[in-house]
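Start from the sequences and build out the full structure, keeping to the hints where you can.
Chains as they are written, first to last, in our numbering: chain A, 1 to 364; chain B, 1 to 307.
Take the hints with a grain of salt, since some may be wrong.
Here are a few chain A residues that face chain B, going by a calculated C-beta distance under 8 angstroms [what the hints assert, rightly or not]:
| no. | residue |
| --- | --- |
| 1 | A78 |
| 2 | T89 |
| 3 | S93 |
| 4 | G279 |
Label pairs and their in silico Cβ distance ranges [to be verified]:
| no. | chain 1 | residue 1 | chain 2 | residue 2 | range |
| --- | --- | --- | --- | --- | --- |
| 5 | B | T116 | A | G315 | 31 to 39 angstroms |
| 6 | B | K94 | A | R139 | 40 to 48 angstroms |
| 7 | A | A173 | B | R297 | 32 to 40 angstroms |
| 8 | B | F127 | A | N39 | 53 to 61 angstroms |
| 9 | B | F127 | A | K163 | 41 to 49 angstroms |
Honestly, the hints are just simulated from the structure, not real lab data. From a predicted model like this one, the values you see are computed outputs, not experimental measurements. Ideal Cβ placement from N, Cα and C applies to all residues, glycine included.
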Amino acid sequence: MPAAPGRNAIEVRSVSKLFGTSEAQVAALDNVSVGIRENEFFTLLGPSGCGKTTLLRLIAGFDYPTEGEILLYGQDIAPLPPFKRPVNTVFQSYALFPHMTVSQNIGFGLEMLGKPKAEVEARVSAMLKLVKMEALKDRRTSQISGGQQQRVALARALAPQPKVLLLDEPLSALDYKLRKEMQIELKRLQNETGITFIFVTHDQEEALTMSDRIAVMSSGRILQVGSPWDIYDRPAERFVADFIGDSNFLPASVGAIESGIARVKLLSGAEISATVAEGYQPKAEATVAVRPEHATAVRTGGQLPGSVENVVYLGTDTHIHIKLDSGGNFTVRQQNMRSQSCGFEVGERVGVQIAADAAQVLKD
Amino acid sequence: MTSAAEIVRQAERDDVRSRWLLSAPALLIIFFAAIGPLFVMLAYSFMAKGDYGDVRFGEFSLDGWFSVLFQRDIFDDTIGLADAHLSIFWRSVKLSLITTIVTLALGFPTAYFIATRPPHTREVWVFLVTIPFWTNLLIRTFAMQEVIRNEGILNTVMIRLGLIDQPIQLMYTDAAILFGMVYVYLPLMVLPLYASMEKLDFRLVEAGYDLYATRLRVLWRIIIPLVRPGIVAGSILVFIPSLGAYVIPRVLGGGKSMMLGNLIELQFGAGRNWPLGAAISITLMAMVMVALLVYVRNAARSGAQHG
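Structure (structure tokens):
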């Protein structure tokens, strides 16, 4: 995370985007506001159809907002055509020009900006070096592999030194190993170039590993904006807690709240303390979220008694599914030790012990 | 005893024989319907002309080929260029080129428009483009005459609107032929253009805009290079039939504005000069073949680019 929050590179103000005819309109974006800081690796995370790509396209200029403003360093760019915005895009399909070589692709933006030939050449070779593609500069884009096309697409978008780089699920077409490599590569490029990255993905792991901040989106709205830690450990809503990682949801009654910590009473009668989501409005019945790895199964004691329903071995850890006596299920994730099984049998009576400070009271 | 190698060789021989047998019907049709008549034409072009049309068999003569470009003066027998023929050649090439350029200029935006519609709407547009093919060429050409003649729709409307006082003489001019050919051959340009534009990845267009290319530059640097096979195919499909057009110049150009097709017809009909007609036909075919060769080389080059 940047040491001090910088000024905003992009500011989205009450933007709505409606698609379709006047009779049957669908809101792809519903009154979205968000600020994206300078030099930040910012991720728009959400399931397909949540509006993340629409927001990216509005920033790029391929679509125009129905309502609202998009500011780039204070200037409203919403009415500008894409070729007048100092913003470049890495497309999901890469969209490399098939009739040009790798070098010609990378130099295209600079050429269109009317840069002198010598400058274009120097910048292209610097870019080829940055993405380690010098050896293949004269190849056609159809003659290089998917991972290499990805690098060329990055170099092409970075070459004109945009103020903001937009990345539309650029890693989704790569296989697992390559994707891991490119995640590190992207982070390195962002550090080296100091350009603000806005990254769109539906892959929570990608979002958590690379981002400075994440905006979680669902049905055209931004639900929560925060650091990966905030999003994972302090989810505001049920959707966020469910979409990123796994969560157990427990109904509870909320008691006194003091400096963000509430006393909550679970259905089993046990009382625990829980952090309260930002923007939580006090109400009698609330939902508490607990991550599976923040609870343990114990033979004696625990806040929630129940019986083991299933034990699933997953290599690094084991999932223990527990049927609670107070109704509902609870999953506990326990890290595996070598030559030592988790030791629980199906049907065995256990208690769930929730770690201190592990529970979060959700907004909804 | 036959060796294994011998058996293999025998099998290969059988293979070759059955291949020839199976393709024989097609080869016979191609020979008798296409290649054979060409040789007859070639032979006729080297014979002396008969008095009532036809040729004098077995009498070798270069008169036919000579008359394609040259003529002997009736009074002093000096040799000069056949100006009438040359002007017809020139008109044919000129009008065909202009037709190709005009249909390209009209067809390109049309095809782009169709290719950028939603898929089911596209089919409707393509269907509309093919509707003129339902009507016979001759009827369409006469319909064109109805539009452009002095008392026709075009002149009447323009006079009513006060744009002109006198009807513009279009019939029996090169412009009339041009009108007719553009109208008749436009679908032949639109369809191949559409076929290659439909395959165009419009994300590349977006990528162009994203990389600071204006609309005109995206057109020049991205769309045109990528749909070039369609442009080449459409141009050839329009240019070749334009060069040999017969009905359109006959109906709209009359006797004054002739094209190669009419000149050939004249030699086999009223002109009674079959060797000359055959020689001009072969010349026309050679011109078409040159155009095709250029096309094949062009297509091969752009194919290598994308492959």
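Check your understanding: Tell me, which hint numbers fail for this structure?
Key -> Those not satisfied are hints 1, 4, 5.
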